[in-house]
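Starting from the known structure of chain R, fit chain S onto it as the hints suggest.
Protein chains in written order, with my numbering: chain R, 1 to 111; chain S, 112 to 224.
Please keep in mind that the hints were generated in silico from the structure rather than gathered at the bench.
Note that CB positions come from ideal geometry on N, CA and C, so glycine has one too.
You may find that some hints are simply not true.
When the alpha-carbon atoms are kept at most 35 Å apart in a straight line, the in silico DSBU-like pairs for lysine-lysine are as follows [said to hold, decoys possible]: (1) S:Lys155 x R:Lys68; (2) R:Lys71 x S:Lys155; (3) S:Lys120 x S:Lys151; (4) R:Lys5 x R:Lys56; (5) R:Lys5 x S:Lys120; (6) R:Lys71 x S:Lys151; (7) S:Lys147 x R:Lys68; (8) S:Lys178 x S:Lys152; (9) R:Lys54 x S:Lys147; (10) R:Lys54 x S:Lys182; (11) S:Lys147 x R:Lys5.
Here are a few chain R residues that sit away from chain S, every Cβ distance over 12 Å (derived from the structure) [as the list claims (entries may be wrong)]: (12) Asn22; (13) Asn27; (14) Glu58; (15) Gly60; (16) Phe62; (17) Phe65; (18) Ala70; (19) His72; (20) Ser74; (21) Pro79; (22) Ser85; (23) Leu110.
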Amino acid sequence: DQQVKQNSPSLSVQEGRISILNCDYTNSMFDYFLWYKKYPAEGPTFLISISSIKDKNEDGRFTVFLNKSAKHLSLHIVPSQPGDSAVYFCAATGSARQLTFGSGTQLTVLP
Amino acid sequence: DTAVSQTPKYLVTQMGNDKSIKCEQNLGHDTMYWYKQDSKKFLKIMFSYNNKELIINETVPNRFSPKSPDKAHLNLHINSLELGDSAVYFCASSPQARVYGYTFGSGTRLTVV
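The following block holds chain R by itself, in its conformation from the complex (with noise of 0.2 Å):
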């Protein structure tokens, strides 16, 4: 019962261009989203996040968009670096203190 969803598991960009990461998620109840990094060898680091009353949030080159209605959200990194190179977690969170994570997508930026 996989209710967060990273159905890519890997991506590849050239470095400067934008990096687009999505995330789908089944639970009505989940209210709250956030975005993890994670590098090899390392646990993984809280990114970004955005709360169910919006529909963007934006944090330098990150940004992250919420469909609620399909819900969707996505992950938008501009201009991309060889240092995002890592995994990505999307997670979700509703009135219990619990994250639920994806599987990650692995993005690769290409030098």
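Just chain S now, kept in the frame of chain R:
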């Protein structure tokens, strides 16, 4: 000054053994968690402790037992290890997961042979 530290980082052990993984956080967070990253790369919650009290206990085998001696520590003890227990185990803490998100440790790669 590591915020959430786990030990050991790597653990190789034989089937049937009992092992423990330790976790400590120096962030003053109220809640600590254990997550398991399986072969399909999903991060799945196992346990959560809030101020030394268990508040989430997902369906995991009772061979897994969390122990929280105080708010800053959450250890994971595993009895009678099985091949399927091989995974990466992450400890995390949060003041309030809903808003602030988690701070993760660097993970413990457990290999059962």
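Unmet hints by their number, sorted upward, for this structure:
none
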